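Trainee: Chain Y is already provided as a structure; the job is to place chains H and D on it using the hints.
Protein chains in written order, with my numbering: chain Y, 836 to 1223; chain H, 563 to 836; chain D, -12 to 241.
Simulated from the structure, these hints should not be mistaken for laboratory data.
Remember, predicted model here, so these are calculated numbers, not experimental data.
Just to be clear, a hint being listed does not mean it is correct.
[To be verified] In silico lysine-lysine, DSS-like type, Cα no more than 25 Å apart, as pairs:
1) D:K102 to H:K667
2) H:K698 to D:K102
3) Y:K1096 to H:K817
4) Y:K1177 to H:K728
5) H:K667 to Y:K1094
6) H:K701 to D:K102
7) Y:K1177 to H:K667
8) H:K777 to D:K24
9) H:K777 to D:K173
10) Y:K1020 to H:K728
11) D:K(-6) to Y:K992
12) H:K667 to Y:K1096
13) Y:K1020 to H:K817
14) D:K173 to D:K214
15) H:K777 to Y:K1094
16) D:K24 to H:K617
17) H:K728 to D:K24
18) H:K833 to Y:K1177
19) H:K833 to Y:K1020
20) Y:K968 to D:K(-6)
21) D:K(-9) to Y:K992
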Amino acid sequence: MEFAPFTGYVYPNEGVIQWSVMIVIYPYLTGLVAGAFTVSSFYHVFGMQQFKPVARLALLTSLCVMLFVPVPLLMHLGHPERSIYSMITPHLTSAFAMFGFFAAFYMVLLILECWFVFRVDNVERARNSTGLKRFFYRAVTLWSDDDSPAARALDHKLLLILAIVGIPAAHGLHGYIGFVYGSLKARLWWESDLMPIIFLFSAIVSGVALLMVLYVVASKLRRVPIDHACLKGMTYALWGFLMFTLILEGLEFANLVYKGKEGVDAIMEYVQGPLFFRYFVLQFGFGALLPIMIMGLLVALNIKGRAFVIGATICALLVLMNVLMMRWNVVIGGQEIAKTGKGLLTYHLPFWGHEGLVAAIILTLAPFGLLWVVTRLFPPWADPPRST
Amino acid sequence: MKNDRKKNPRREFLSATGKALAGLGVIAGGSSLLGAATGDAATESFPTADYDWTKHRWAYGIDATKCIGCLRCVEACKAENDVVRDATHFRTWVERYVYLEGEEKARVDSHSDPKNIAASGSEATYRFDNRYQDAKVTKAFFVPKICNHCSHPACVQVCPVGATFKAEDGTVLIDHDYCIGCRYCVQACPYGARYFIEEEGVSDKCTWCYHRITKGLQPVCVDVCPTRARVFGDLNDDSSTIREFVDNNPVQVLKPESGNGPMCFYIGIDKDVS
Amino acid sequence: MTQKLPKHIVRLLLLLGCFLLVAYAAKVYLTDPSYYKYGYYRADAVPELAAGAPLYQGSAYCLECHPERSADWPLTPHKAVQCEVCHGASEECPVKEGTRIPADTIRLCSNCHEKMPARPAAHPQIVLGEHPFADGETMPCIECHDPHAPGPVAREEVTTAVESALAATDVAAPPGAKKCAKCHGKQGEGVKKNPALAGKEAARFIEQMNLYRSGAGDSKIMTRFAKALSDEEIAELAEYYQSLPAAHPRQLKE
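Here chain Y stands alone, though its shape is the one from the complex:
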């Protein structure tokens, strides 16, 4: 059996790095889910009108990604068929056991919210179509064609409740992952009280960035003008949350180094060596500082129009890379530092296989394939496309 190459001394059982790229993709996806939901709640809960154009798209994005969230876990588990045990007989001291309940609750909530958001539109579509299409929309609306003002008012009230409850639900869904890492005594790289908060804000940032990219791409594909107020709103949100996230991540690392507890020598060797590029250059440099500066410039110089769109999109893409690097550096990075505090290992990402690069790429892109299909069935756009 091939095991991870190492330097220094590592426990013999550490020779295999257990949590692979699938466990990097998983928090990345749930982060996108939580972040996209947060963008949607800017409009649905906080009533910020500039986010209306992306609000429904954000919901659908959250839903499509959410449907793929269990997949990396199932691909990683030794016995995926037994995963139901964590909901049948959950061990209540385990954060992992909470996943089943958070995920199920949030999934139901999200489906309900999407259902209410699109209900009236679906009723109309059911009315205006025939055959299979009609059957489909009738089924989706539960064979009710009630779009009276009373029903719509009820829809709105329920939507508000769902959206409000959805915020802690979505954040619980992603935040518990931060707790999983932050509460682990065995690895100094992970053990931190700030972990859940970092994961959460990192998630919000990734969601906003994703919606920015999706909105720009969708607008281009649909040949409609981009609502600049909306894009600007998202850019501001990204800018603010990113600065805060950067501060949090920086604080966490600084804390670790400053306290200098046993095992910090291995961490310092790791950070100055194998991790340097991924951490300081990619995650902090290109992934955080650069977009913050670019967005600062966009705002300070009052850049508008095409230049703004390009600048904002570049920032969003960099941030998406940042968040992926953050997940990678936490999950893989933590395991590359041996528990002995005396050695380092190297994770080798296989190309094929159920925990390989190809599987990871497919898994990350698949939700957007689904999103494309879903936006055709339930168009979230606030405006009609120029060409039908």
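Mentor: Chains H and D in isolation, oriented as in the chain Y frame:
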């Protein structure tokens, strides 16, 4: 009147949902509690007729000053428990600590070191090479390692399904028919005592040879050690070797700051042993 | 009362209700009956783990069929080395005779006895390349050492009185005698299974050495030594040993 009709649907909806959820919640919660409460006062001996786990409090001791690093324990354990025969799956292993002249930090190696694998000839047999035979060594010793069967095991705490648990006699065990293979426990153990069996899709670790100690035998590593460096026994038994070991020696545990409360006690380990 | 609620809400609630019922039914049906008995685990797992036959039986088991070992092994420093350590787990015993004898004793013995810095100083260890007759590490340890009654070969058991008495021998020890002394004792008195040479008839000595030289002898080590000696050297040694007094603590074996 019109206002009343407007209010009612909402109230009806909320109360209907609330009642339904509350009802289900009570049933679900109640059945869980009921399940937990029926830890029925088993009058018969558990887990076997000849072995009552409430009568024992097992602990383990290691005298590192006696270990000669022959690795008979590692080989016997792998044979007895059918452990994967390679260099990354160990229920017990031995570490070698060597301080060379002029160095303040120990050089450590164990069975996954490529030179040791070369010395034994394969990953399925185990031997330390003699790379320090011509070096100026100030201090050197071996430290056997094993699952510590902690009092407050982090691995048990994090298992999402309760596949790993602490038995009433102190042994931390794994239910291979229940483990889902998430490896959270492998991550949580600060001692690196756990590993994952890829072929079976479950996690595994030392069980103190549960199939032996429940029959009055000792774990096989204790039996085969030619220098009696390993000690196992019942803390409840005043005449046991472990009682004598713990009571008559200044003993240490590994990583006490972790709060796990290990039940494997060491004599003769030094500052760099982690 | 429910007709005040829009029908899609009612249907939604029914759907939710069904979903919750199914979830609850799954929980009840799929929960193992022994779970929750002693805690958050399947209690039936414990007897399952306690079952299983031990592989290693312990030396008492081996001594049942090999009682002759009780005479030496438990009385020696190897008493802590269980039979199964060198001979393999006895679960499948009885096995075909001879199949449990370790083949490569150098490898086996040096596992414990090779001199290593981390080994406690009190533990008997040798430097393989420097150990007498372990030249090139091809001489099996058991040629000189009895694994069931281990100990160094050339043990000085001679008292000073005997030593001084024997020092007055007429014939001076030929240079080759030093080598012989290592196994046969300084005064040729013999050590353990290595026979005494003192007082041995020279002709018999030469005869025996020639037997070894021809390769027909029963000892590999003696074959090697004999082959390394010339006729003159053998004659010299024969003379010398014949001259040594046989009345020594060890009896002459012949």
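Trainee: Does each hint hold? Answer for all of them.
Mentor: Verification of the supplied hints:
1. D:K102 to H:K667: holds, 23 Å
2. H:K698 to D:K102: holds, 14 Å
3. Y:K1096 to H:K817: holds, 13 Å
4. Y:K1177 to H:K728: violated, 30 Å
5. H:K667 to Y:K1094: With a Cα-Cα distance of about 21 Å, the restraint between H:K667 and Y:K1094 holds, given a limit of 25 Å.
6. H:K701 to D:K102: Holds: H:K701 and D:K102 sit about 15 Å apart, inside 25 Å.
7. Y:K1177 to H:K667: Roughly 10 Å between the alpha carbons, so the hint for Y:K1177 and H:K667 holds.
8. H:K777 to D:K24: holds, 23 Å
9. H:K777 to D:K173: violated, 53 Å
10. Y:K1020 to H:K728: holds, 19 Å
11. D:K(-6) to Y:K992: holds, 16 Å
12. H:K667 to Y:K1096: holds, 17 Å
13. Y:K1020 to H:K817: holds, 11 Å
14. D:K173 to D:K214: OK: D:K173 and D:K214 at ~22 Å, within 25 Å.
15. H:K777 to Y:K1094: violated, 49 Å
16. D:K24 to H:K617: holds, 18 Å
17. H:K728 to D:K24: holds, 13 Å
18. H:K833 to Y:K1177: Distance ~13 Å between H:K833 and Y:K1177 Cα, so the pair holds.
19. H:K833 to Y:K1020: Holds. H:K833 to Y:K1020 sits at ~20 Å (cutoff 25 Å).
20. Y:K968 to D:K(-6): holds, 22 Å
21. D:K(-9) to Y:K992: holds, 16 Å
Hints 4, 9 and 15 from the earlier list are contradicted by this structure; the remaining hints agree with it.
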